Amino acid sequence: MNLHEYQGKDILASFGVRIQRGIVAKNAQEAVAAAKQLTSETGTSWHVIKAQVHAGGRGKGGGVKLAKNLQEVEQIAGQIIGMNLITPQTSAEGKKVHQVLVAEDVYYPGESETSEFYMSVLLNRSTGRNMIMYSTEGGMDIETVAEQTPHLIFTEEVDPSVGLMPFQARRIAFNLGLEGTAFKEMTKFVSALYTAYVESDSSLFEINPVLKTSDNKIMAVDAKVTIDDNSLFRHKDYKDLRDLREENPIEVEAGALGLNYVDLDGNVGCMVNGAGLAMATMDLIKQAGGEPANFLDVGGTADAARVEAAFKIILKDPNVKAILINIFGGIVRCDRVAQGVIDAYKNMGNINVPIIVRLQGTNADIAKDLIDNSGLDVLSATEFQEAADKVQKVLA
Amino acid sequence: MSVLVNKNSKIIVQGFTGSEGTFHAGQMIEYGTNVVGGVTPGKGGQTHLDRPVFNTVQDAVEQAGADTTIIFVPPAFAADAIMEAADAGIKVIITITEGIPVGDMIKAANYIKNRDCRLIGPNCPGVITPGEAKVGIMPGFVFKKGKVGIVSKSGTLTYEAADQVVKQGLGITTAIGIGGDPIIGTTTKEAVELLINDPETEAVVMIGEIGGQLEADAANWYKASGSKKPIVGFIAGETAPAGRTMGHAGAIVGGSDDTAQAKKKIMRACGIHVVDSPAEIGKKVKEVLG
Chain D
0 MNLHEYQGKD ILASFGVRIQ RGIVAKNAQE AVAAAKQLTS ETGTSWHVIK AQVHAGGRGK
60 GGGVKLAKNL QEVEQIAGQI IGMNLITPQT SAEGKKVHQV LVAEDVYYPG ESETSEFYMS
120 VLLNRSTGRN MIMYSTEGGM DIETVAEQTP HLIFTEEVDP SVGLMPFQAR RIAFNLGLEG
180 TAFKEMTKFV SALYTAYVES DSSLFEINPV LKTSDNKIMA VDAKVTIDDN SLFRHKDYKD
240 LRDLREENPI EVEAGALGLN YVDLDGNVGC MVNGAGLAMA TMDLIKQAGG EPANFLDVGG
300 TADAARVEAA FKIILKDPNV KAILINIFGG IVRCDRVAQG VIDAYKNMGN INVPIIVRLQ
360 GTNADIAKDL IDNSGLDVLS ATEFQEAADK VQKVLA
Chain G
0 MSVLVNKNSK IIVQGFTGSE GTFHAGQMIE YGTNVVGGVT PGKGGQTHLD RPVFNTVQDA
60 VEQAGADTTI IFVPPAFAAD AIMEAADAGI KVIITITEGI PVGDMIKAAN YIKNRDCRLI
120 GPNCPGVITP GEAKVGIMPG FVFKKGKVGI VSKSGTLTYE AADQVVKQGL GITTAIGIGG
180 DPIIGTTTKE AVELLINDPE TEAVVMIGEI GGQLEADAAN WYKASGSKKP IVGFIAGETA
240 PAGRTMGHAG AIVGGSDDTA QAKKKIMRAC GIHVVDSPAE IGKKVKEVLG
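Chains D and G, in that order, give the protein sequences. Residue 75 in numbering that gives the first Met the number 0 sits at position 76 of the first sequence, and the numbers go up by one each step. Residue 64 in numbering that gives the first Met the number 0 sits at position 65 of the second sequence, and the numbers go up by one each step.
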């Protein structure tokens with residue numbers, strides 16, 4: 000589950016990580032009130048207005064702007080809220096902005112220069128351990144840093160039996176070239192950040208930039224936080240943080256029906272049991288001359304109700320020219336699935352695209368007879384290649 | 000010969016009396032698997048499916064001689080169940096449970112690391128040695144006995160591969176579902192190594208998918224081993240969109256070699272017979288075995 004910047008920062012702050020403070024606002028008036036409150040609480044005279052959408056590169060799309068007085072706060076907030084923000088990470092249409100974070104200005108002048116760093120916490124899949132990845136090159140696209148100056152990216156892996164040790168936090172602060180107060184602040188920041196990552200059951204923290212202020216404080220100016228969905232049973236308070244407006248509406252609807260669905264751009268819909276077989280089926284569609292319109296795993300119980308729900312989801316996509324159903328019946332019997340397909344088809348009444356049903360496994364023969372004798376415009380297959388050939392035929 | 004499980008394995012079921020555990024333990028027993036009992040804390044002393052129920056894995060080891068376990072415990076308690084099995088001296092821990100928090104699996108993987116046991120999964124279909132032991136949720140009838148080993152991250156795609164191999168008149172020594180989670184106990188490389196070293200296995204089918212480095216590691220190991228046993232490979236997800244499951248920062252660590260195309264390239268360079276179509280796995284196995 001991805002979070003907005005302000006939600007991620009709230010979680011960081013709850014574990015003692017210093018953050019750039021801010022107040023979220025849904026319209027220009029709220030933004031002005033938020034700015035006044037921030038000024039009284041923090042003394043900040045300028046404010047940064049930041050679009051809250053689930054996409055990086057917001058500044059490049061005009062979604063992050065500095066306001067030097069309350070008129071500018073009102074004007075900029077009014078301009079950003081409601082806009083379709085287009086960034087390098089969004090689609091060409093962009094993402095609608097529903098709210099902004101009015102944040103304190105932390106780049107104020109002072110005794111030393113400010114500097115920006117990059118820091119993320121994530122799982123290293125090859126070792127099964129968490130690691131902190133960090134760089135002196137903050138505020139930049141980290142992929143560019145990795146490509147152009149890989150020697151400026153450091154990693155610190157954490158032994159799960161002892162957690163992040165003080166010497167590791169010190170090594171990070173040394174590698175970032177810090178000394179004095181800023182050095183101490185950084186070790187505290189890193190320790191609190193790692194604790195927050197583990198305790199919140201996150202699967203990704205990306206803080207870009209981590210800022211050293213002119214008075215040597217270390218703080219998170221941005222926060223990209225992803226929570227491990229599988230851990231939500233023990234974080235009931237995080238459940239409400241999900242913003243469905245940020246997600247594909249068809250995927251949200253499919254999720255509510257217990258279907259694992261990913262929307263794609265192709266012309267052949269598919270309905271499969273099992274994630275691996277679903278991906279393999281997509282690949283087969285491509286080889287048959289089509290393009291997969293979706294990934295859809297119906298799971299173990301492919302009964303009439305689920306098949307019908309899956310049909311409805313797939314047919315919401317107007318580009319779908321054919322549907323391939325590929326079920327390997329193990330525990331679930333193919334004849335049951337076939338009957339489910341037939342019942343769903345009859346209930347729907349108006350399916351105008353050809354359907355190819357490939358059922359293999361338990362009672363596959365009975366299932367094929369059921370489909371063939373149903374009188375419906377449904378092609379049956381038992382072998383994988385046969386299904387591909389039929390897809391190719393209906394697309395021709 | 001076979002690997003991991005056979006007719007002499009003494010198998011227990013953790014989460015024995017729950018609905019999943021009951022259904023699949025019943026199927027395993029029907030298949031002829033040597034299920035010696037199960038564990039459900041608080042129900043020790045009862046009998047379920049004509050088998051004894053124990054309170055702890057330790058009791059099952061001491062009283063029934065259990066050496067293998069299959070875990071159906073719900074996600075919130077599954078990591079604990081894995082560690083309990085390892086602590087009790089179980090040698091093969093097969094975890095079916097899907098949806099275990101990654102934070103829990105980091106701890107469990109670390110806990111079992113220096114203990115004498117092997118974890119398979121989690122989020123896997125299990126392991127089957129046809130005619131001897133089905134320790135998983137796969138449909139047993141698909142897997143006929145033979146000389147081909149299977150290693151796969153996916154459930155139904157494993158059944159598909161086995162079905163194709165069997166329809167070519169061949170059969171399976173052992174099929175190992177290693178699971179699709181970010182942290183799994185037995186890697187592709189380790190599973191392939193077990194099968195390559197199994198004298199009865201004459202060829203291996205290796206099925207992977209996008210994400211991570213497991214298939215590349217297995218391919219590099221295979222090349223370095225100098226083994227003459229053929230491997231047929233398939234990677235699912237050539238058409239899967241990038242970045243849907245992996246985080247932004249994770250993509251850097253993954254590097255450029257975790258797409259289906261890149262993995263297949265490495266596998267081919269290491270001498271693996273890679274098929275582009277999932278419909279050609281069986282045919283290719285027949286071809287390489289001559």
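I should point out that these hints are in silico values taken from the structure, not numbers from a laboratory. These figures come from a predicted structure and were not determined experimentally. Here a beta-carbon is modelled for each residue, glycine too, at the ideal position from N, C-alpha and C. A portion of the hints provided could be inaccurate.
Where chain G lies over chain D, by a calculated footprint (3+ residues, C-beta under 8 Å) [unchecked claim]:
hint: 1; stretch: 177 to 190
hint: 2; stretch: 229 to 240
Pairs of lysine-lysine residues, derived as BS3-like cross-links and limited to a Cα-Cα distance of at most 30 Å, are as follows [as the list claims (entries may be wrong)]:
hint: 3; chain 1: G; residue 1: Lys264; chain 2: G; residue 2: Lys285
hint: 4; chain 1: D; residue 1: Lys235; chain 2: G; residue 2: Lys106
hint: 5; chain 1: D; residue 1: Lys216; chain 2: D; residue 2: Lys183
hint: 6; chain 1: D; residue 1: Lys392; chain 2: G; residue 2: Lys285
hint: 7; chain 1: D; residue 1: Lys285; chain 2: D; residue 2: Lys345
hint: 8; chain 1: D; residue 1: Lys187; chain 2: G; residue 2: Lys282
hint: 9; chain 1: D; residue 1: Lys367; chain 2: G; residue 2: Lys228
hint: 10; chain 1: G; residue 1: Lys144; chain 2: G; residue 2: Lys42
hint: 11; chain 1: D; residue 1: Lys367; chain 2: G; residue 2: Lys166
hint: 12; chain 1: D; residue 1: Lys285; chain 2: G; residue 2: Lys285
hint: 13; chain 1: D; residue 1: Lys367; chain 2: G; residue 2: Lys188
hint: 14; chain 1: G; residue 1: Lys228; chain 2: G; residue 2: Lys42
hint: 15; chain 1: G; residue 1: Lys112; chain 2: G; residue 2: Lys143
hint: 16; chain 1: G; residue 1: Lys285; chain 2: D; residue 2: Lys238
hint: 17; chain 1: D; residue 1: Lys367; chain 2: G; residue 2: Lys282
hint: 18; chain 1: G; residue 1: Lys282; chain 2: D; residue 2: Lys392
hint: 19; chain 1: D; residue 1: Lys285; chain 2: G; residue 2: Lys282
hint: 20; chain 1: D; residue 1: Lys367; chain 2: G; residue 2: Lys90
hint: 21; chain 1: D; residue 1: Lys392; chain 2: G; residue 2: Lys143
hint: 22; chain 1: D; residue 1: Lys285; chain 2: G; residue 2: Lys144
hint: 23; chain 1: G; residue 1: Lys6; chain 2: D; residue 2: Lys285
hint: 24; chain 1: G; residue 1: Lys112; chain 2: G; residue 2: Lys166
hint: 25; chain 1: G; residue 1: Lys264; chain 2: G; residue 2: Lys146
hint: 26; chain 1: G; residue 1: Lys42; chain 2: G; residue 2: Lys143
hint: 27; chain 1: G; residue 1: Lys188; chain 2: D; residue 2: Lys285
hint: 28; chain 1: G; residue 1: Lys166; chain 2: G; residue 2: Lys106
Each hint tested on the structure:
1. 177 to 190: violated (count 0)
2. 229 to 240: It holds: at least three residues are needed, and the stretch 229 to 240 of chain D offers 4 whose Cβ sits within less than 8 Å of chain G.
3. G:Lys264 <-> G:Lys285: holds (22 Å)
4. D:Lys235 <-> G:Lys106: OK: Lys235 of chain D and Lys106 of chain G at ~22 Å, within 30 Å.
5. D:Lys216 <-> D:Lys183: Since the Cα atoms of Lys216 of chain D and Lys183 of chain D sit roughly 9 Å apart, the hinted pair holds (cutoff 30 Å).
6. D:Lys392 <-> G:Lys285: holds (28 Å)
7. D:Lys285 <-> D:Lys345: holds (29 Å)
8. D:Lys187 <-> G:Lys282: violated (60 Å)
9. D:Lys367 <-> G:Lys228: Violated, because 38 Å separates the two Cα atoms, which is more than 30 Å.
10. G:Lys144 <-> G:Lys42: violated (37 Å)
11. D:Lys367 <-> G:Lys166: holds (18 Å)
12. D:Lys285 <-> G:Lys285: holds (25 Å)
13. D:Lys367 <-> G:Lys188: It is violated: about 39 Å lies between the C-alpha atoms, which goes past 30 Å.
14. G:Lys228 <-> G:Lys42: Given that 30 Å is the threshold and the Cα spacing comes to 47 Å, the pair is violated.
15. G:Lys112 <-> G:Lys143: violated (34 Å)
16. G:Lys285 <-> D:Lys238: Violated - the C-alpha atoms of Lys238 of chain D and Lys285 of chain G are around 51 Å apart, more than 30 Å.
17. D:Lys367 <-> G:Lys282: Holds, at about 23 Å.
18. G:Lys282 <-> D:Lys392: Holds, at about 23 Å.
19. D:Lys285 <-> G:Lys282: holds (20 Å)
20. D:Lys367 <-> G:Lys90: With Cα atoms ~43 Å apart, Lys367 of chain D and Lys90 of chain G exceed 30 Å; violated.
21. D:Lys392 <-> G:Lys143: Roughly 33 Å separates the two Cα atoms, so the pair is violated.
22. D:Lys285 <-> G:Lys144: violated (33 Å)
23. G:Lys6 <-> D:Lys285: Measuring from Cα to Cα gives roughly 42 Å; hence the hint is violated.
24. G:Lys112 <-> G:Lys166: Violated: Lys112 of chain G and Lys166 of chain G sit about 39 Å apart, past 30 Å.
25. G:Lys264 <-> G:Lys146: holds (27 Å)
26. G:Lys42 <-> G:Lys143: violated (36 Å)
27. G:Lys188 <-> D:Lys285: holds (29 Å)
28. G:Lys166 <-> G:Lys106: violated (42 Å)
The earlier numbered hints that this structure contradicts are 1, 8, 9, 10, 13, 14, 15, 16, 20, 21, 22, 23, 24, 26, 28.
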